[in-house]
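**Student:** Next come the chains, spelled out residue by residue.
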Amino acid sequence: MDFLNSSLAATPLLLGVQPAASELGNIGFITNSVIVGLCVLGIVFWFSGKATKNMSLIPHKAQNLFEFLVEFLYNRIEAIVGPKQVKLAFPLLGTLFIYILVSNWFGLIPGVGTVGWGEPTGPLSVKEAHDPLFRPPTADLNATLALAMSAFLVWIYLTLREVGVWGFIVHTFGPKGGLKGLMGFVVALVFLFVGVIEIVSIVLRPMTLSVRLYGNIFAGESVLHTLAGLLDKMGAPWDFIGSVLIPFPFYFMELLVGLLQAIVFTLLCSVYIQLSTAHDDHGHEEGDSHH
Amino acid sequence: MNLVSPLFGNVAPVLAASGPVGDMIQKFGLAWPKFLAQVLIFLAVYYVLNKFAFGPILAMLEQRKQRIADGESKLEKIAKDLAEAEKNAQAIVDKANADASRLVTEAGESAKALAERKQQEAVHEAGQIMAKAREAARLEHEQLMSQLKREFGRMVADATSRVTGKVLNPDDQARINKEAAAEVSA
Numbered sequence: 001m002d003f004l005n006s007s008l009a010a011t012p013l014l015l016g017v018q019p020a021a022s023e024l025g026n027i028g029f030i031t032n033s034v035i036v037g038l039c040v041l042g043i044v045f046w047f048s049g050k051a052t053k054n055m056s057l058i059p060h061k062a063q064n065l066f067e068f069l070v071e072f073l074y075n076r077i078e079a080i081v082g083p084k085q086v087k088l089a090f091p092l093l094g095t096l097f098i099y100i101l102v103s104n105w106f107g108l109i110p111g112v113g114t115v116g117w118g119e120p121t122g123p124l125s126v127k128e129a130h131d132p133l134f135r136p137p138t139a140d141l142n143a144t145l146a147l148a149m150s151a152f153l154v155w156i157y158l159t160l161r162e163v164g165v166w167g168f169i170v171h172t173f174g175p176k177g178g179l180k181g182l183m184g185f186v187v188a189l190v191f192l193f194v195g196v197i198e199i200v201s202i203v204l205r206p207m208t209l210s211v212r213l214y215g216n217i218f219a220g221e222s223v224l225h226t227l228a229g230l231l232d233k234m235g236a237p238w239d240f241i242g243s244v245l246i247p248f249p250f251y252f253m254e255l256l257v258g259l260l261q262a263i264v265f266t267l268l269c270s271v272y273i274q275l276s277t278a279h280d281d282h283g284h285e286e287g288d289s290h291h
Numbered sequence: 001m002n003l004v005s006p007l008f009g010n011v012a013p014v015l016a017a018s019g020p021v022g023d024m025i026q027k028f029g030l031a032w033p034k035f036l037a038q039v040l041i042f043l044a045v046y047y048v049l050n051k052f053a054f055g056p057i058l059a060m061l062e063q064r065k066q067r068i069a070d071g072e073s074k075l076e077k078i079a080k081d082l083a084e085a086e087k088n089a090q091a092i093v094d095k096a097n098a099d100a101s102r103l104v105t106e107a108g109e110s111a112k113a114l115a116e117r118k119q120q121e122a123v124h125e126a127g128q129i130m131a132k133a134r135e136a137a138r139l140e141h142e143q144l145m146s147q148l149k150r151e152f153g154r155m156v157a158d159a160t161s162r163v164t165g166k167v168l169n170p171d172d173q174a175r176i177n178k179e180a181a182a183e184v185s186a
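Note that the protein sequences, when read in sequence, are chains A and B. Per my numbering, the first sequence starts with residue 1, numbered consecutively. Per my numbering, the second sequence starts with residue 1, numbered consecutively.
Heads up, some of the hints might be wrong.
Okay, derived cross-link-like pairs now, DSSO-like style, lysine-lysine, Cα gap no bigger than 27 Å in a straight line [claimed, not checked]:
# : chain 1 : residue 1 : chain 2 : residue 2
1 : B       : Lys65     : B       : Lys51
2 : A       : Lys84     : A       : Lys61
3 : B       : Lys87     : A       : Lys84
4 : B       : Lys77     : A       : Lys84
5 : A       : Lys180    : A       : Lys84
6 : B       : Lys149    : A       : Lys53
7 : A       : Lys87     : B       : Lys77
8 : B       : Lys87     : B       : Lys77
Think of the hints as simulated: they come from the structure by calculation, not from any bench.
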């Protein structure tokens with residue numbers, strides 16, 4: 001009932017950004033970021049259908065745009081993970097890029113993060129909307145963690161598929177350099193220690209990926225909200241003018257940040273896959289020479 | 001508004017933790033249901049893109065790449081054929097030029113030989129004409145001389161007959177003709 005009462009008071013309003021996504025209604029997993037996630041899903045579905053409908057060798061506009069995007073991503077990812085892994089890794093990495101990019105830019109649409117529920121001050125106004133209707137998924141740690149964990153699981157699958165469990169252990173902990181005797185023992189201890197550090201860094205990857213993305217997008221949202229509310233205390237019409245003009249240049253910066261964060265997330269996942277699936281030919285040759 | 005979900009909020013609202021980590025999880029709203037909902041949305045996006053976008057687009061890109069490669073190979077073949085055709089055409093032109101030069105040379109030589117032959121034929125014919133003319137003149141001279149001798153003999157015989165008043169017999173006429181002819185020849 002609270003939700004219904006609050007919906008009556010829905011109105012555009014500049015709000016402070018809460019660190020957590022707001023639940024909508026009484027169903028716990030329906031948050032404002034889930035709503036936007038579903039919107040992103042709808043956009044992707046609609047545009048995919050539009051781009052791939054009546055495809056021809058001479059592409060129409062939507063097909064051309066999507067082909068450019070897919071080809072650009074495929075070539076970049078192939079340059080990192082190699083022609084063998086790209087066939088397996090591209091669907092995930094391409095999806096990550098597109099989902100993050102659309103989510104980030106969705107957050108810049110007027111109304112996203114500013115229309116919501118709060119303490120009513122009038123029929124269609126609230127003093128401060130604590131619970132926006134829309135919130136970009138990339139500004140919700142649940143979503144960024146979901147993306148990072150999905151990438152992590154695929155990374156595990158690709159790594160074990162390519163090098164196997166033992167290959168991964170040797171790749172991580174195995175000494176390199178081919179030294180023997182006391183120095184070889186010391187080097188082996190060093191590489192064992194390095195391997196432990198590597199395992200820690202691998203375990204932390206989902207957290208670093210998710211927090212990096214979340215932090216950047218959440219910070220961008222906060223900056224825009226703060227700038228938009230700078231002249232609120234001056235009253236009309238300055239609060240309205242200030243809320244439009246002051247954050248305006250920063251929208252371009254956020255467009256760039258949204259693109260960069262999508263690229264960073266995707267390329268880091270590509271690099272992780274490449275690091276663990278690349279065969280250390282030099283090391284293998286040395287290993288073979290010992291036999 | 002009560003944001004705590006009655007469905008999940010009191011059962012498993014957040015990852016079970018306490019202390020600073022628990023506070024942080026609480027602050028950022030981490031919860032399994034929300035996390036799983038985001039995973040499901042991402043998987044749905046993955047399914048949609050993989051089925052409706054990446055597959056057809058990559059197939060189209062591959063088809064276009066193949067088409068371009070085919071076009072390139074055809075272009076190379078056409079260029080190769082063109083070069084071959086140009087080479088053949090040049091060879092034909094060169095051969096035609098050589099043949100033309102040879103024909104011109106042969107025609108010149110032939111014309112020269114023909115001219116020489118015609119000249120020789122003309123000289124020969126002129127010589128023959130001259131010889132025939134000389135022969136005809138000689139025959140005519142001989143004929144005239146013979147006729148003159150005959151006339152002269154007849155006139156001598158006639159004069160002798162008139163002077164002597166005697167009819168000359170054939171032997172006398174023959175002797176007088178012979179003597180007259182000898183005088184004329186001398």
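**Student:** Please name the hints from earlier in the document that this structure breaks, with their numbers sorted from lowest to highest.
**Tutor:** 2, 3, 4, 5, 6 and 7
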